[in-house]
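Chemist: Residue numbers (this note's numbering), protein chains in the order written: chain A, 1 to 738; chain B, 739 to 909; chain C, 910 to 1355.
Simulated from the structure, these hints should not be mistaken for lab results.
None of these values were measured; they are calculated from a predicted model.
Cβ atoms here follow ideal geometry from the backbone N, Cα and C, with glycine treated the same way.
It is possible that some hints are incorrect.
What the hints assert, rightly or not - Straight-line alpha carbon distances no greater than 20 Å define the calculated DMTMM-like cross-link-like pairs of lysine to aspartate or glutamate that follow:
1. Lys32/A - Asp512/A
2. Lys206/A - Asp765/B
3. Lys481/A - Asp512/A
4. Lys32/A - Asp49/A
5. Lys481/A - Asp302/A
6. Lys206/A - Glu860/B
Claimed, not checked - Which bits of chain A does chain B cover? Going by a derived footprint, with three or more residues having C-beta under 8 Å, they are:
7. 61 to 71
8. 194 to 203
9. 258 to 269
10. 407 to 421
11. 654 to 665
12. 670 to 683
To be verified - With the Cβ distance kept under 8 Å, some of the chain C side facing chain A (calculated, not the full set):
13. Thr1077
14. Ala1264
15. Ala1304
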Amino acid sequence: MTVLGRRGVLAGALLVTFSSRGFGQEGGGGAKAVAPGLPGDLAKFPLLDSWIRIDGQGRVTVFTGKAELGQGIGTALLQLAADELGVPFAAIGLVTADTARTPDEGVTAGSHSMQQSGTAILNAAANVRLLLAREAAGRWTLPLSQVAMEDGTARAPDGRTVPYGVLAAGLSLHVPALPDVPRRTAPGLVGRNVPRIDIPAKLAGKPSFVQDLRLPGMLHGRVLRGPGDGTRVRPAYLDAAARRPGIVRVVRDGRFVAVLADREWDAVTALRLLQGAGWTRMAPPLDPGDPNAALRRLPAQDIPIFDTPPGPPAEAARALSARYTRPYLMHGAIGPSCAVALWQDGALTVWTHSQGVSPLRRALAELLGLPSDRVRCIHTPGSGCYGHNGADDVAADAAVAARAVPGRPVRVQWSREQEHGWEPLGPAMTVDLDASLDASGRIVRWRHAVWSNGHDGRPTSAGGLLAGAELDPPFPPQVPKPIPMPEGGGDRNANPLYDLPDASGVYRFIPDAPVRVSALRSLGAHMNVFAIESFMDELARAAARDPVAFRLAHMTDPRARAVMREAADRFGWQQRRPGGGGRGSGFAFARYKNLGAYCAIALEVTVDPDSAQPHVTRVVAAVDSGEAVNPDGIANQIEGAIVQSLSWTLHEAVALDATGRASFDWSTYPILRFADVPDRVEVHVLGQPGQPFLGTGEAGQGPTAAAVANALADAVGARCRAMPITPERIGAALPLRS
Amino acid sequence: MTVLTVNGMPRTVSADPSTPLLYVLRDGLALNGPKFGCGLGQCGACTVLLDGAPVFSCLLPLGVVGGRRVRTVEGLGTAALPGPMQAAFEAEQAAQCGYCIPGMMMRAQALLERDIRPTEAELRAHMAPSLCRCGTHMRILRAIRRAAVLMGGGVRDPAEPVRPLPPAPAR
Amino acid sequence: MRERDPGRTVLRFRRRRDLPRARGRRLVAILAGSIAMAALAGFAVAWRPALPIVAPRPGSSFDLAGVERGAVLARLGDCAVCHTASGGAAYAGGRPIHTPFGTLYASNITPDPESGIGRWSQRAFDRAMRRGVARDGSLLYPAFPFTHYTGLADRDLGDLYAFLMTRTPVAAARPDNRLVFPLGFRPLMAGWDLLFFRPGRTAADPARTPDWNRGRYLAESLSHCGACHTPRNLLGAEERGHAYAGGWSDGWYAPPLDASSPARRAWTADRLFAYLRTGLDRSHAAAAGPMGPVAYQLARVPDADVRAIAVYVAFLMARPAGDPAQEPERTAEADASQPEGAALFAGACASCHGAGAPMMLAGRPALALGTPLHEHDPRDVIEIVLQGLNPPTGAAGPYMPAFGDSLTDGQVAAVVAYLRARYGGGPAWPDLPHAVRTARRQGSGA
Ligand code: FES
Ligand code: FES
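Start from the sequences, fold in the hints, and give me the full structure.
Modeler: Structure below.
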């Protein structure tokens, strides 16, 4: 893998002090802004060589603190750089999140990568091109406007050329960016479907994932834990495990236990032996009843979300209220979390698929009692994560194990049951909505209340890592904190984008989590949008209005209206078949965080009259993510969001009993399979050249959930407000006479 | 010592006969195509072809492989010279994280080698044992339909016809 | 109890491993039986009148409460299981039913006027259910369990009719049956009926609890448990003297529900209830093969009905509660006697069934508790290894991957022999490779 053996020090980063972690980390976070006038993360790292370097041969390298999570970010960033620099796409190298080499752009999350890193690289590239062009103009004593910059070469009108490498040798990129350097206008790769750079290797079986790292002398490790959070295995068979053939070491540190072997299968069988000792629950027993009801009984802090004053006095003709719920959900990466760590000469290197290499570095440094600069975290892709899963925890496991065998890299791979049992879950949530309509069918009052645990358990200290609680003495656990609006956590997207007078919302933030929870893709938006957009349909029905017309009547944002219209037109909303008899159509819309991408979804479902099994036949999405660098990449993300959200919304719920999670594998936590995916999914990307990037990765989850609920209500004439919307729940609502 | 035929080549490995083939392929032969996903026969990430049939290599003891033929994505082609299945996945950009994809390709390859003109329903039923968490299903289906065409057949009653691709920008 | 049982006079056939010889005997028996049936058919009246067609009734004319009761009854009767083709519309028929006499296709019982039962009157429906006679007067094959439904109460038939008549009509013609000669000639069934069919209801037993009586009614008639769990004679009739002594269904052995049940731990009503309701009981094992869909249906009916069935079946098994302290586990002996099977088990099975495996940590039953390893016939263990366990898509439920494509016949035989030696009761199963070949040749469900 190319990540090995590269060395480099990031001069720019040294100028910037690390901030201690503040709120809003899920939204990206990272270092503090030192040049607030610069766009994107250039404000935090204004020096050009933090982002772009050109060597004497003219080889260009782009640096980003964001990580490739399968969202195609690397390709989009290179498209921006290639266009703006005037360099062939294939000639640019890319270095992603590496604490020793790239800017600290915090966590790759919240659909912020294009806004923060994309904007920074775009503007840094414009700056670099300007410097190179000035250098060439100086050599030729030509006015700047006469120098053409293409294909990595500066060209004079008379045909003279100088390659970028030569120009770069004569100037320093270790200078701050200037604001407002104009972008190039010539058509290039931006806006085109450049194929992703990482896909060919993945298709051919080239090493692509942290799971594929094979370092000389590497040991395979497994860690011993109980079947789920809140449990532990009795340490009964440690000696027996150590005596097994092939076992190199059993590492024990406090309650932390890992087995290390030369061959992976030997580590697996040793772990099974250790697990056979039986387990106990250490945490108090769980309330085995309805998890949402249990949650609402816990103490909550009320946080106001929004408050719009009443408009002109209006007569409320009709009031509606409804309660919606979501269970605990799993991230459920297909490849369980994995990391490789090497402890050498008192320093630690970790190859990790964590979404935040810099916060992880700080947490690992604290865990191991090292100064931060003795820890290096290198992002290496893993299986898709969809938020905070076991990536950071397994990195800590590998680090603690590697400390016991200096000089030997240790690869720790979690088992399937460990990923299911220990990953932080997406929180269970309840939303109560209450609204009034006037006689003309306009909403004149709106109340929103959302109950949820925190959505940000990402480690910023040793106590945020599983191993931190196991070492002796243990590190104090991280205190869960709400993420403030406008990004929000449990309250993300609780403030509707519609024009609503007399509207307010409250977040009943519940600090104590009965099970381990943290950020799941889109955080509270999945639930809040599900509730708001289901409720909009209920209100439209009460007002006897078409659901799309009802929404448009309450929406003034022109881009929101355009996205809604696009989805409705492409779907053929006007001409749709009337709902009923087990067939129906549904519509929903949201602007992610009210700051990001706009997404509207229209879809059609059928319901089997006997089994009440729903089947989504056709989904049409329209999305406006600002300037679309790679429209197919956006479509890919939205398609994925739709299918994933259908799985969450129709199939998934973590089963809990008094002793913990009863969902320990895929048979006890079924997810959507090929047999159940829609017949067709279309995504229409509204291009917005020149507009700011709005991010895409999490825009589709909420609208999909509500659209399918609305379509089901249309199909069977009764509404399901509790996720997952299973055949049992639909069947309970299904009329028996067709 | 066990002699295996992997992607047409005889390979010698030394491992206990109970070791699942997945670990032998990854650990012993340094192949990356078969992935560890569950080790329980539930997800399909580890799928390889055994005498042409898709099997979960995580539950396939080395001792049973004997003289049978094992194929992994590495045997379908290379990044420079992709086979039709790989070319189709590339053309459809059928990956997000890509972790499930090698298993998907092997499972699909088995179907198309047996029947170059499956129906859409057969295709979906055949793929059911393989899980994808990124929600790449629609693209995976498109890619398999495209692969069927590239291999000289086609999916009957496809949910979406295979369309000619717009030319990709130079890379 | 009924007195006369002409079925007893026909040759019995129970063990699958006798199959090749039995097959010849069966053909002879079918011919001989057919001649007898033909004689009897002529003697009896092989002709039943067609009943008049009626205009399809609008769904709204049915009482909603009756439709709702009918929905539950249809699940208790597993109607959808046989009458829905894989991937097809519910109740539209077309599912192949493989029998030793050839392949039958389930009929369309949606209210489609042409291909379904839309123009059947309640009377025609009742006659079909209770007498095995279709509306047009033709005789139904006993793969349709009218021999059980004959005991159904009038009200239940009314509710079932209301439920079926309010389904979505689906136009779907039934494929032609493929039966061995001469069984395609339906009038022969009159002879069969005369020999084996005893119509009528069984009166409630006032000495027993209401639960027991309800359970007997459901198990004997609507849920037709005996259709699988009772051995059949050479002409495919359930052997009256051996009710619930274990039978065959779709290539799977349906273990006895009487005192000869080989279960390690006693089946109590509570355990049966959990098993029937969820497809899994912690003291036994998971529902496999044709029992999987039954448990899936029973997950969606009222508790009381499932409990009643559980009470009755526990009574049939007549086993005192109380479990052996120790389950058989002879690891060392099995490892020594079956080294090939031991290696296979370690690589293919132990990831789920071995100590310390996730399923075991979650409290799933150990292999020794499952009935199949204690049965006299290895077929169920073989089928489970070949086919695995597949919960309906999207539903949580016991799952096991299929090993049919990974293991050769010899390897399946080796691992089955090892399982029997390590966890099973009874002597080693003889000639396993042959049994595996047979199971594979007969195919999954074929
Ligand atoms: S890793 Fe083999 S099926 Fe999941
Ligand atoms: S592409 Fe990520 S799991 Fe399938």
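Chemist: Does each hint hold? Answer for all of them.
Modeler: Hints, one by one, checked against the model:
Simply put, Lys32/A and Asp512/A have alpha-carbon atoms about 30 Å apart, too far for the 20 Å limit, and the pair is violated. Of the pairs offered as hints, the one joining Lys206/A and Asp765/B holds, with about 14 Å between alpha carbons and a cut-off of 20 Å not exceeded. About 11 Å separates the Cα atoms of Lys481/A and Asp512/A, which keeps this hinted pair within 20 Å; it holds. The suggested pairing of Lys32/A with Asp49/A holds, with an alpha-carbon distance near 18 Å, which does not exceed 20 Å.
In summary, the hint linking Lys481/A to Asp302/A is supported, as the alpha carbons are separated by about 13 Å, within the 20 Å threshold. Taken as a hint, the Lys206/A and Glu860/B pair is broken in the structure, with Cα atoms around 30 Å apart against an allowance of 20 Å. For the region 61 to 71 of chain A, the assignment as covered by chain B holds, since 3 residues bring a beta-carbon within under 8 Å of that chain's beta-carbons and 3 suffice. Counting residues of the region 194 to 203 of chain A whose CB falls under 8 Å from any CB of chain B gives 10; the rule of at least 3 is met.
Note: the region 258 to 269 of chain A has 4 residues with beta-carbon separation from chain B under 8 Å; the three-residue rule is met and the coverage holds. For a cut-off of 8 Å, the count of residues in the region 407 to 421 of chain A with a CB near a CB of chain B stands at 3, and the three-residue condition holds. Note: the region 654 to 665 of chain A has 1 residues with beta-carbon separation from chain B under 8 Å; the three-residue rule is not met and the coverage is violated. Chain B is given as covering the region 670 to 683 of chain A, and this holds because 10 residues of the stretch bring a CB closer than 8 Å to a CB of that chain, at least three being needed.
With its C-beta approaching chain A no nearer than about 5 Å, Thr1077/C sits inside the 8 Å limit, and its interface hint holds. Among the interface hints, the one on Ala1264/C holds; its C-beta lies about 4 Å from the nearest C-beta in chain A, closer than the 8 Å criterion. A distance limit of 8 Å between C-beta atoms decides the matter here; for Ala1304/C the minimum to chain A is near 6 Å, and the interface restraint holds.
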